[in-house]
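Undergrad: Just so you know, the sequences run in chain order U and L.
Per my numbering, numbering through the first sequence is continuous, rising by one, with the last residue being 290.
Per my numbering, numbering through the second sequence is continuous, rising by one, with the last residue being 351.
There may be inaccurate statements among the hints.
Unchecked claim - In the DMTMM-like style, the derived pairs of lysine to aspartate or glutamate whose C-alpha atoms are separated by at most 25 Å in a straight line are:
1. L:Lys265 / U:Glu180
2. U:Lys121 / U:Glu180
3. L:Lys269 / U:Glu180
Claimed, not checked - Part of the chain L face toward chain U, derived, beta carbon under 7 Å:
4. Asn152
5. Asp153
6. Leu215
7. Thr217
What the hints assert, rightly or not - What follows is a list of derived Cβ distance ranges for each label pair:
8. U:Pro16 / L:Ile68: 53 to 61 Å
9. L:Val190 / U:Val19: 34 to 42 Å
10. L:Gly63 / U:Pro16: 53 to 61 Å
11. U:Thr60 / L:Ile205: 38 to 46 Å
12. U:Asp133 / L:Arg193: 56 to 64 Å
13. U:Thr187 / L:Ala168: 21 to 29 Å
14. U:Asp170 / L:Val184: 21 to 29 Å
15. L:Gly63 / U:Asp133: 48 to 56 Å
16. U:Ser17 / L:Phe264: 50 to 58 Å
17. L:Tyr198 / U:Tyr12: 48 to 56 Å
18. U:Asp133 / L:Lys62: 19 to 27 Å
19. U:Met124 / L:Gly70: 28 to 36 Å
20. U:Ala288 / L:Arg189: 19 to 27 Å
21. L:Arg189 / U:Asp170: 33 to 41 Å
Quick caveat, the hints were computed from the structure, so don't treat them as lab data.
Glycine residues also receive a C-beta, built at the ideal position from the N, C-alpha and C atoms.
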Amino acid sequence: MSFLQIDHVSKYFPNPSGVGQVCIFKDVTIKIENGEFVTTIGHSGCGKSTLLNIIAGLETPSEGGVILNGREASGPGLDRMVVFQNFALMPWMTVFENVALAVRSAYPEWSREQVTAHVHKYIMLVGLKGAEDKRPVALSGGMKQRVGLARAFSIEPKVLLLDEPFAQIDALTRGVIQEELIQMWNTSRNTVFMVTHDVDEAILLSDRILLMTNGPDSRIAEMVHVTIPRPRSRETIIEHSHYYKIRNHIIHFLVRHAKHGIEVDGTSSSHQADGGPVIVDFERDAAAVH
Amino acid sequence: MESLNETLTETTRATGAGGFLAPSMRRFLARFSLFGWPRFRKTGIVQGTGSERGGTMAGQVKGNPWFISGFLLVIFLLGWHLFTLRPTFDPSGMTEEQLLLMEFNGDIVRGADGAYTWNPEKEKVKGVPGPLAVVEKARTELAEAFQIKGTNDHGIAYLVFYTVSRFAAGFLAASIIAIMLGVVLGLNRVLFRAINPYIQILKPISPLAWMPLLLYTVKDPKWTAVLVVFMAALWPTLATTAFGVSSLRKEYLHVAAIVQLSWFKRLFKVILPAAAPTIVNGLRISFGSALVAVVPAEMLLGELGVGYLSWIEWNNLDIAGVIFAILVVGVVGVVLDSGFNKLAGLVTYQE
Numbered sequence: 001m002s003f004l005q006i007d008h009v010s011k012y013f014p015n016p017s018g019v020g021q022v023c024i025f026k027d028v029t030i031k032i033e034n035g036e037f038v039t040t041i042g043h044s045g046c047g048k049s050t051l052l053n054i055i056a057g058l059e060t061p062s063e064g065g066v067i068l069n070g071r072e073a074s075g076p077g078l079d080r081m082v083v084f085q086n087f088a089l090m091p092w093m094t095v096f097e098n099v100a101l102a103v104r105s106a107y108p109e110w111s112r113e114q115v116t117a118h119v120h121k122y123i124m125l126v127g128l129k130g131a132e133d134k135r136p137v138a139l140s141g142g143m144k145q146r147v148g149l150a151r152a153f154s155i156e157p158k159v160l161l162l163d164e165p166f167a168q169i170d171a172l173t174r175g176v177i178q179e180e181l182i183q184m185w186n187t188s189r190n191t192v193f194m195v196t197h198d199v200d201e202a203i204l205l206s207d208r209i210l211l212m213t214n215g216p217d218s219r220i221a222e223m224v225h226v227t228i229p230r231p232r233s234r235e236t237i238i239e240h241s242h243y244y245k246i247r248n249h250i251i252h253f254l255v256r257h258a259k260h261g262i263e264v265d266g267t268s269s270s271h272q273a274d275g276g277p278v279i280v281d282f283e284r285d286a287a288a289v290h
Numbered sequence: 001m002e003s004l005n006e007t008l009t010e011t012t013r014a015t016g017a018g019g020f021l022a023p024s025m026r027r028f029l030a031r032f033s034l035f036g037w038p039r040f041r042k043t044g045i046v047q048g049t050g051s052e053r054g055g056t057m058a059g060q061v062k063g064n065p066w067f068i069s070g071f072l073l074v075i076f077l078l079g080w081h082l083f084t085l086r087p088t089f090d091p092s093g094m095t096e097e098q099l100l101l102m103e104f105n106g107d108i109v110r111g112a113d114g115a116y117t118w119n120p121e122k123e124k125v126k127g128v129p130g131p132l133a134v135v136e137k138a139r140t141e142l143a144e145a146f147q148i149k150g151t152n153d154h155g156i157a158y159l160v161f162y163t164v165s166r167f168a169a170g171f172l173a174a175s176i177i178a179i180m181l182g183v184v185l186g187l188n189r190v191l192f193r194a195i196n197p198y199i200q201i202l203k204p205i206s207p208l209a210w211m212p213l214l215l216y217t218v219k220d221p222k223w224t225a226v227l228v229v230f231m232a233a234l235w236p237t238l239a240t241t242a243f244g245v246s247s248l249r250k251e252y253l254h255v256a257a258i259v260q261l262s263w264f265k266r267l268f269k270v271i272l273p274a275a276a277p278t279i280v281n282g283l284r285i286s287f288g289s290a291l292v293a294v295v296p297a298e299m300l301l302g303e304l305g306v307g308y309l310s311w312i313e314w315n316n317l318d319i320a321g322v323i324f325a326i327l328v329v330g331v332v333g334v335v336l337d338s339g340f341n342k343l344a345g346l347v348t349y350q351e
């Protein structure tokens, strides 16, 4: 059994017209190993954020469940921390207080000094030393999300859930924070489930990328292995021969196939035995050719 | 006020006072500047940024607002004085009989030198008294501010104290109950929708309309006055607190849920601080309506206070006293309101 397993999860919402239900997604199964970084890409409205919220326990699945480390994870908990798209920092608290709120809850037995030291460590890790006493209103978008990351990493969750974490950050800052995230993740090695619209971001960060078809009634159509060795950096990753293959494949899917969910034909893909998503693995393809 | 606020914000950034000022502090300063603004300008603290911003802001006129305020006050007082001026009594062309009749009626009095003047007692109720008469009345009242001459004749300082404590008791009790109830309703959507019709019906009822019923049930005018203030202050805070809590941004609650805060911490660390700006808006409306209610409550119930002063001076046919009482009500309102705003600035935040 995998470390984190989203097991035959379906989600229905009541139809806005009041009659019947709308199926957001149906029978989604994802298996994620410990320490793996998995990203889901899909168009707006495909239900990927709903899926993330279900893993976080903030929404309940209509069918199926989430199994974490052999146990069903229902309801929110400190083992699955979310980094929110709009940061979700408490504007009435300082940077320090925002992080400390989480740390105190995660380690209730710690003394005040321990909490303070721990919070400072993570604030320093995200490069916000000196900004501890500022309130979110005084921070830029990038700095706010650094606080969000510090808060998430500080409680050392088993699973880190990133909900379009850099969508509201300007493009230049985004790249910097992505690399910071890689560095933090390299030392912590949490299991990560991320949702994004950004193909380059997904390739840079992920081990596997799940492609979702458009909603309603969406499903995970393909699973792309990012066959680029780590450590990766923004500058060097584009030089890898698989980078543009993967990138083009994903964009091709999003532009052409996401709407219909038509599977890519032929050589570069193969079905999973259980009828799950099509697996795309350029390394394996290359090996097969030789 | 908005532009002052902005300019001040700019100032604190420009002068590099830490580069950042807590929003509460900033609001506090902005409020303070209601009285301090012209002096800031003169001492040149904001001159640089003030003039830079001046160009971009529409309709900003250079000049000292206090000068205009003072000018308007002088015009008003002068006009008031001129319109209420009455000519001195002129006995020429009147027969001795007419004069005697007028003296008998009390219209005029004969002085020690045998000359007739208007009877000052009767003058008090002829037309509106001028500003000088009001100043004279204010001077005597303020001189006796701390005297108690009789059961219902307490100095103005006592009257202000009674009104403020009556107001404070009613307002605080209403605020605490309204906030507690509002949080409960805000968190429970079904309950909110069930109770909301009653709030909507009770809200527009004038607090004074409750008075006979309250007087009949509590049988004590002292508590009735407090309860009238209570009724005036309850509804706006209740409605806005329920609204503010129910429309909290979901992420705050999500974070609270993920980090597993206890309900107590969730309430005091997340829900109340997050809803604080909305709650304060409700309190502000309640504050105004309670302040409006306390004056007629005192008048109708005959409870000592500044509202009572206004009414008792009318009963005494002392119009200058009525005007003085009106001014005292205004001053008490301003002082209470600025105090409230300072407190409000401490709990609100900027997104």
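Undergrad: When the hints from earlier in the document are held up against this structure, which numbers fail?
TA: Structure breaks hints 1, 3, 4, 5, 6, 7, 9, 12, 13, 14, 15, 16, 17, 18, 19 and 20.
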